[in-house]
Each structure stands twice: as structure tokens, then as C-alpha cells.
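Chemist: Residues per chain, in single letters:
2 protein chains.
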Amino acid sequence: MSLIVQKYGGTSVADPERIAAVAERVRDCKSAGNQVIVVVSAMAGETDRLLGLANEIVKLPRGRELDVLLSTGEQVTIALLSLALQRLGVKARSYTGPQIRITTDAAYNKARIVDIESDRISSALAAEEVVVVAGFQGVNEIGDITTLGRGGSDTTAVAIAAALAADECQIYTDVDGVYTTDPRLVPEARRLDKITYEEMLEMASLGAKVLQIRAVELASKYLVALRVLSSFEDGPGTLITSEENIMEKALLSGVTLNRDEAKLTMLGVPDRPGVASTILGPVAEANIEVDMILQNMGADGTTDFTFTVHRNDFDMAMSILERISSDLGARAIEGDNRIAKISIVGVGMRSHAGIASRMFAALANESINIQMISTSEIKISVVVDEKYSELGVRTLHSEFQLEQG
Amino acid sequence: MSLIVQKYGGTSVADPERIAAVAERVRDCKSAGNQVIVVVSAMAGETDRLLGLANEIVKLPRGRELDVLLSTGEQVTIALLSLALQRLGVKARSYTGPQIRITTDAAYNKARIVDIESDRISSALAAEEVVVVAGFQGVNEIGDITTLGRGGSDTTAVAIAAALAADECQIYTDVDGVYTTDPRLVPEARRLDKITYEEMLEMASLGAKVLQIRAVELASKYLVALRVLSSFEDGPGTLITSEENIMEKALLSGVTLNRDEAKLTMLGVPDRPGVASTILGPVAEANIEVDMILQNMGADGTTDFTFTVHRNDFDMAMSILERISSDLGARAIEGDNRIAKISIVGVGMRSHAGIASRMFAALANESINIQMISTSEIKISVVVDEKYSELGVRTLHSEFQLEQG
Chain A
374 MSLIVQKYGG TSVADPERIA AVAERVRDCK SAGNQVIVVV SAMAGETDRL LGLANEIVKL
434 PRGRELDVLL STGEQVTIAL LSLALQRLGV KARSYTGPQI RITTDAAYNK ARIVDIESDR
494 ISSALAAEEV VVVAGFQGVN EIGDITTLGR GGSDTTAVAI AAALAADECQ IYTDVDGVYT
554 TDPRLVPEAR RLDKITYEEM LEMASLGAKV LQIRAVELAS KYLVALRVLS SFEDGPGTLI
614 TSEENIMEKA LLSGVTLNRD EAKLTMLGVP DRPGVASTIL GPVAEANIEV DMILQNMGAD
674 GTTDFTFTVH RNDFDMAMSI LERISSDLGA RAIEGDNRIA KISIVGVGMR SHAGIASRMF
734 AALANESINI QMISTSEIKI SVVVDEKYSE LGVRTLHSEF QLEQG
Chain B
374 MSLIVQKYGG TSVADPERIA AVAERVRDCK SAGNQVIVVV SAMAGETDRL LGLANEIVKL
434 PRGRELDVLL STGEQVTIAL LSLALQRLGV KARSYTGPQI RITTDAAYNK ARIVDIESDR
494 ISSALAAEEV VVVAGFQGVN EIGDITTLGR GGSDTTAVAI AAALAADECQ IYTDVDGVYT
554 TDPRLVPEAR RLDKITYEEM LEMASLGAKV LQIRAVELAS KYLVALRVLS SFEDGPGTLI
614 TSEENIMEKA LLSGVTLNRD EAKLTMLGVP DRPGVASTIL GPVAEANIEV DMILQNMGAD
674 GTTDFTFTVH RNDFDMAMSI LERISSDLGA RAIEGDNRIA KISIVGVGMR SHAGIASRMF
734 AALANESINI QMISTSEIKI SVVVDEKYSE LGVRTLHSEF QLEQG
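Those sequence lines, one after another, are chains A and B.
Mapping of the first sequence onto this note's numbering: position 205 corresponds to residue 578, and the numbering continues sequentially without gaps.
Mapping of the second sequence onto this note's numbering: position 196 corresponds to residue 569, and the numbering continues sequentially without gaps.
Think of the hints as simulated: they come from the structure by calculation, not from any bench.
One or more of the hints may lead you astray.
Any copy will do: because identical chains look the same in the list, a pair fits if it lies in one copy or spans two.
[Claimed, not checked] In silico SDA-like pairs for lysine to any residue, Cα to Cα no more than 25 Å straight-line:
| id | residue 1 | residue 2 |
| --- | --- | --- |
| 1 | Lys-432 | Glu-419 |
| 2 | Lys-464 | Gly-516 |
| 3 | Lys-464 | Gly-436 |
| 4 | Lys-483 | Ala-499 |
| 5 | Lys-567 | Arg-767 |
| 6 | Lys-464 | Thr-676 |
| 7 | Lys-622 | Leu-596 |
| 8 | Lys-594 | Ala-538 |
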């Protein structure tokens, strides 16, 4: 008998019909002899509906009362799913985050889980019940309802799997696994059977929107076996696990594309200590997150300083640079919001040399000019002109024969 | 400084605009130097929307999970109202039934309040906060969410007023008070300034739909000063209080009309002990509630047995009588579902003789035939042909000069 945590997102429980379909999937897992805990999100559209109501009352609703409001979304789903399970003759019982004592810190709207009282869940499981838990929510130490912010339900599922030492945490979504790259860009893209936590983190943060980074981080920390599956069709999905559980490591796991960034450059800044922080300080103060950073020393004792931000922050970042450029004695500033970041990800890089040069050569072969490069232990990212997005991804996917597995 | 409990029903909080209007009313009460607890219902239509979702999953949703589902309705309202109050600069904090420890028995869908932990509310009030409480819901001793069933939010408000010894419990609704009769029937109908609990109970159970009987009973038990007011216009409303708080008792408080009943008669039943229970036993077993009962002994040693039921139960009650009539040796059965019950209500009856004969004479004067009569200490009801409904009510309203106060 295994203990399985299943998590269904908003589109999987979008209406009563889909909830009934989820109930059948849960029943099958239970009938196969497993103990099952189900974590659900709000029905698709429900959170937006609630936010819309709050917006009519106050422009930027937040704080304690926003969590009281939003947490009703998941509460509706747990009740409906429990009713659907009972209709199938499956013993089921719903729990809100506060009821099952998912204790969080006090940060409303973006709380972090501190503890889960596994006793309550264990005794419900011992009573042969399917335990249906509202994702995305918890309770702080003074008894207030809190919500976990973006990706909260995935995080709830992983946290429960960790607390109960579940055998597997299955994340049901609208895709049937993690792919070597976006199949809409590259029809030959292949579903991965397995991928390491580290690779998944790089893939997630680079634009593959299957799983929330936060949940993968938590799974990695507590070594929770995480599986991404489709709630609409059967299949093995993709298992996200530790490197030691993957016998034959592929050279690369995937190619990702991120078109959400923009690039800013300050040219000819006199090269003296503290230049980077003088430039990036005001950017950080404006709550703009910086991704890639590049500093090139020129021959004339000046330096060119380049960085990328989210495209939504481009205009504000440009105006900040304009404001500070004369103080810094910069020659000019440049901006480009039509760039793309293409990355290759794989733990195999650690043991194989020459991956980077193979990547650069393949791109050069297609006359794709590389504007920036950044590397980590298991990934290499390049910034190119946006118009080369698809070509670049296809070229690299083919170069590293990712379609072959 | 007074402690006021205000309760707003579904139509008063039907949309964000109305919730904002309620917030202004609450702010004004607070600004006038009062401590304020607000109890709210789900936004009009929300409970039906939730039931609709559940109905798509299972035909007759009930039990524990139905309460988990329905309780979200009020939770949405408390969050929105608290946000609206905060926007007006009023310190406010929402509480669900479980959070404020409204403890109930274990009867899901129709729980009864056992206890309220007044400490939590008191300390919030001491912190100068408006306390916004979700009506209709509580928590049982094993931590499950329960709902109070029909009239639940009124009951929550009165229970909190009782537990906190509030100075007044104000029920805001879409009418501006309790009237001597339905103003749609009698344009001269007058709003009552005061009415006793007992009169209100008779009025409520006889068809005046302003307040739930259950809430009035609770107010009467704990002597909570209850006031019915309009949430759409200003005015003093109607105060429901003890008889000793009403100096000048009017002879009568009102005339009520109930068109929801039907009458059944079993004719010529041999008069022997146990006839009544032989007839009403099977009716009760079918879960049909009986209102008026009349038994007339005939000259020939037989009896005619007449009773009234809700019109929805008429057909089933008739078929029960048909089934048992031959066993009882009855001569015939008769049914009439086109009747109306008209009642006069007033504590003044206790001290004034001749009210009944004045009532019967006034009706006779208009050639209205009386089919049945039933009396209690403070009311007299008659059953007449449905076609005399309006005429009967107007005749009695005028006979007892109720328009004059």
C-alpha cells in the first residue's frame, strides 16, 4: 500500500463535470490499494471572480481580509469533490487549511508554511478515508486564515507529501508531463520520463510553466518524488526526482525559451569600484528584478554595463538609467525589448566538456548572433534577437538530438 | 456607549455597491460612539449558485460537505464588508463562525448554537474594532463547519447579542418594520413602533415574513431588544421587546393572512376513543405537519374530523385519508385547497373580552362564512373561502381601527 498525494489545478476542477472526472481518477487510485490525499485549487476563474468583487470595493485589496476572501475558492472545490467522491461510494472528507492545521507565518497573501499537523491526516487515512485538502491556504498562529500566494496549491501538496512521507506527489495539470522543449515550437519535442529537481528548477524558472519553482524547491529539500501528469488523459507523466535515482543521465534535458525579458546597457561608464551597485541600487529600490548581468571592460578605462529585466519593467528601468547616467559619466544608454533568452539545461553538462562550444557553433551555423551569455553548473543561457526565437530553439533541440531521448 | 449588533441580509449585501452602502451605515453607528458587531448573510443569489454547483454533482446534497460549501457564501461577504469598512478608515476585522467559536451541536445543515466564546469578540471590541461575523455558521465539537439552516443569520445575530448582552440587535432587511398587516393588501396598514415577542412569534408563524421565528424565540428567551429596520432608508423601524417594556398596549397588533393551507375532512367517523390518533398517525408518519384540528360530534354517534395542512401536502394527505377511511368506517372524505386563514393578534386580548364576537360579527356583516376557528391566548384564527382573503383582512383591519395606532 502506497501513500499518494494528488494535486489538481484550477482547469482540472473547472466545473462540476470535471470535478466528477477527478473523483473517478481518485477512486481508481484508492481502489488500486493506495491511501490517497487530494489537494485542489479553486475552480478556474473563481479567484478572478473574487478579486473582481474586491476590486469594486477597493483598488488594491490586500492583507488579512483578502485571504479570508480568496480562501473560499478552494473551500468550494473541496466540498464539491468530497460530494462527488461520496456519490461514487468513496469515503471522503474535506479539510480547509486551518482545519488540518497547515500553520504558516503571518505574511498575509504570501505566507510560508511552517508546520503541518500530520496526526489529523494520518487518523483520517487510517479510517480508510480519502482526505481532500484545500490548497493555497493555511492558518497563522493567531488563528487568521492565510494564503500562500502564487503556486500555493502545488506547495501545499508537496508540503503534505513531505510531512506524511508520501511515496509520491502527483501534480495533475493540463499537459501530460515535462517536455524537452515547448511542443508548439518544436513538434519533435519529447516528454521526459525523469528529470532531476535541479533541472526542473532551471526549466521552471526559464519559462516552462508546468510547475511552480517554490514547490520544486520544497520537493528537492525533502526529497519528495514529484510527478507531473495530465488530468485529461492517462499516461506515466514525468517524474522529478534526485539525480541518484536517474541511472542513465541524458546529456541535456531540455531547451527553454523566455521572451519576457528586455535588455538595458549603459555604455562607457568610467570603470571604478562600485559601478555595478550604483547602477543596480536604484533599480532594486524600484522593485525591479534583474536577471542577467554583464560587465565588459573596454580598452579606454571605461566599461559597458548590460543587464536584463522583465519586459513589463523595461520603461521604468530605462527612465532610471536616464536619470543616473550623467551622474555616472556614462557615454550613452541603450535599450532593447525585443530579445529572447534561449537556454539548454542538463545535469550531464557537469561531466561533459564542450557543450557550450557545440551550442555556440550550432547557433553561428544559422547566423544567429549571441548578445549575452550566462552559465550555471547545469545550464547555459544566451540572449539573441527575438526574431531568432523559434529557429534558435529548434536548432539546439536538433543539435543535441533531444528528440531521441 | 452602547453595544449594537447589526444584521444585514442577502439583499442588503447583494453586490459590492450595496456592501459599500452597508459599510457607511456601520461607520455612522460606530462614529455615534457605539461598539458595533455586524453579522452578514451571503450575497443574494450566492447560496443558490453554490447549491446549483452541488446539484450538478449529486441530486440531494447534504451532510458535512454541504456545510463546507455553503459557509463560503457568508465568508465572502465578511471579507468584502471588512475591506469596505477599512476603505472608509474604520478598523474592522472579519470572523467566520468557527473562528469566533460559535459552537453548535453536530446536526449538519440545521445545527443549533450551543455556545459563543464572547471573550474573543470582547477583546476585538476593546481594540476599537468593528467585528464582522459570518452569519448562519458555526463549528461543532470535532472542528467541523456547521450551518444553522433557515433563518440562520438572524439567529447568529440574536445569539451574539445575547452572549455579549448587547443593548440592541438590529435586523436590517428590505422593509422598514413590522406592519399591522400586509400593506399590499391594505394601503392603510401602519408600521408598528413596538410589538411584543409573543405577538411577533404569532405574526411570523402566521405569514409575516420579516423575521425568522427561531431568532424571535431566542430573543424572547434572552430578552434581547430586537429591532427590524430597512437597510435602504432611514427610520426607527419596529422594536420587538417584552410586554413590560410597552407601556400602552394596543388592543391588537395586526391582522395576518395565510394562503398556504388546505383543509381535509373525514365525515361520519364512528366516535370512539383514539379516532384522532388513528387519522393523524399516518399523516404524521408521512412527515406532513398539521396546523388546525377540529372535531365535531354529530347527533348520530358519529363525528366529523377536520384538519389543515400545507397546500403542498394536500394531495398526499388526501390519498392517506382515502387509504384509511374504509378501515375507520367513515362515510366520506372531503378536501378543499382553496381556503385562507385570517388571524388577529394582540396581547390586549388577554384583558379585553368580546374581541372574538366583534371579529365574527364584522366578517358576518360582509357575508363571509367562517369554516373553522382556532384560538390561543393572544390570537384568533378563522378559515374562510380563499376568495374572501383580501376582503376579510381589510374588514378586520378597519373594524379594529389598526390604521390609527
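Chemist: Quick one: which hint numbers does this structure break? Sort them smallest to largest.
Modeler: 4, 6
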